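Enquirer: Listed below, chain by chain, are the residues.
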Amino acid sequence: MDSPAFLLAFLILSGITVTSALLVFVARNLMHALAFLVLSFLGMAGLFMTLSADFIAIAQILIYAGSISVLMVFAVMLTPLASRDNGNSLYVIPALMGGAGIAGLVSLVAIETDWAEHSGDALKAADFERTVPVIGDLLLGRYVLAFEVASVLLFIALLGAILLVQDRDGGDATGEAQ
Amino acid sequence: MIPEIPALDELSVTLAHYLLVSGAVFGIGVVIALAKRNAVAVLMGVELMLNAVNLTILAFSRFSSAFPAGDAPLAGHAFVVFVLTVAAAEAAVALALAVLVYRRRETVDLDRVNLLRW
Numbered sequence: 001m002d003s004p005a006f007l008l009a010f011l012i013l014s015g016i017t018v019t020s021a022l023l024v025f026v027a028r029n030l031m032h033a034l035a036f037l038v039l040s041f042l043g044m045a046g047l048f049m050t051l052s053a054d055f056i057a058i059a060q061i062l063i064y065a066g067s068i069s070v071l072m073v074f075a076v077m078l079t080p081l082a083s084r085d086n087g088n089s090l091y092v093i094p095a096l097m098g099g100a101g102i103a104g105l106v107s108l109v110a111i112e113t114d115w116a117e118h119s120g121d122a123l124k125a126a127d128f129e130r131t132v133p134v135i136g137d138l139l140l141g142r143y144v145l146a147f148e149v150a151s152v153l154l155f156i157a158l159l160g161a162i163l164l165v166q167d168r169d170g171g172d173a174t175g176e177a178q
Numbered sequence: 001m002i003p004e005i006p007a008l009d010e011l012s013v014t015l016a017h018y019l020l021v022s023g024a025v026f027g028i029g030v031v032i033a034l035a036k037r038n039a040v041a042v043l044m045g046v047e048l049m050l051n052a053v054n055l056t057i058l059a060f061s062r063f064s065s066a067f068p069a070g071d072a073p074l075a076g077h078a079f080v081v082f083v084l085t086v087a088a089a090e091a092a093v094a095l096a097l098a099v100l101v102y103r104r105r106e107t108v109d110l111d112r113v114n115l116l117r118w
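Protein chains in written order, with this note's numbering: chain G, 1 to 178; chain C, 1 to 118.
No lab work stands behind these hints, which were simulated from the structure alone. Remember, it's a predicted structure, so these values are computed and weren't measured experimentally. Virtual Cβ for every residue (Gly too), placed ideally from N, Cα, C. Hints may contain errors.
[Stated by the list, open to error] Rough simulated footprint, nothing fancy, chain C against chain G, three-plus residues with beta-carbon under 8 Å: (1) 32-44; (2) 51-59; (3) 83-93; (4) 130-139.
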């Protein structure tokens, strides 16, 4: 955690993540904002890798940068007459104040608190060598109930999504105001 | 120039650095979720917030000093798996709702979806 290469990797990845998250807010076009969001997800996956969370990083790339962004592209494409300018609403100033307040509070706590943490050799000894078998044991052992509930939740959410957007009239309801 | 290189060597990435990045991304997500008009853009802000929370959980899982003594060393990773699951379900339902609102109102502008406003 203290080699210059690691520091450089952390700085680059966090720079990519935070900058592209900012560009999601700044971008004028909704599709450009979506592209920056994918870039932010990829940078975040790199940060996960620096935390030796390889499985989560791969899952992040697959789920966030892969499927959720494709879902968002579909949602943008299925609403062709809506505006794509990624504009702001009336609440920009309160939103900026709220976001800055939350970020400032978290930063203050992160800086001021004396975190008892590993350093140097102790942290190296605590490196996760194999995360996937341990996560699998946890998911099918201690957290098996939550695992099953999550699978039921996914199933119900997908059923609900299909049910919401299905064409009940079987006709030309698409794009037709009711 | 010479003293700067040992200074770089002394620097190490700690938990506070990850928490700073996470707080920044969470704040940006809050701003996007509150300030954008398009429903899909609001969902982008929500996903950024969930991502920042994942980073926080993983950083604590990595740096927590209770790690070697803990009986479940990767519980944070299991939590993140559940967060990913819930995020995927939430994205699917929210985007379906956006498409449904578009069919009814021909807009996904959240300022104009004000049927319940008194």
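Enquirer: For every hint, state whether the structure bears it out.
Expert: Checked hints:
For the stretch 32-44 of chain G, the proposed coverage by chain C is satisfied: 6 residues have a C-beta within less than 8 Å of a C-beta in that chain, meeting the threshold of three. For a cut-off of 8 Å, the count of residues in the stretch 51-59 of chain G with a CB near a CB of chain C stands at 6, and the three-residue condition holds. Remark: the stretch 83-93 of chain G is confirmed as covered by chain C, as 9 of its residues place a Cβ nearer than 8 Å to a Cβ of that chain, reaching the required three. Residue count for the stretch 130-139 of chain G with a Cβ under 8 Å from a Cβ of chain C: 5. That meets the three needed, and the coverage hint holds.
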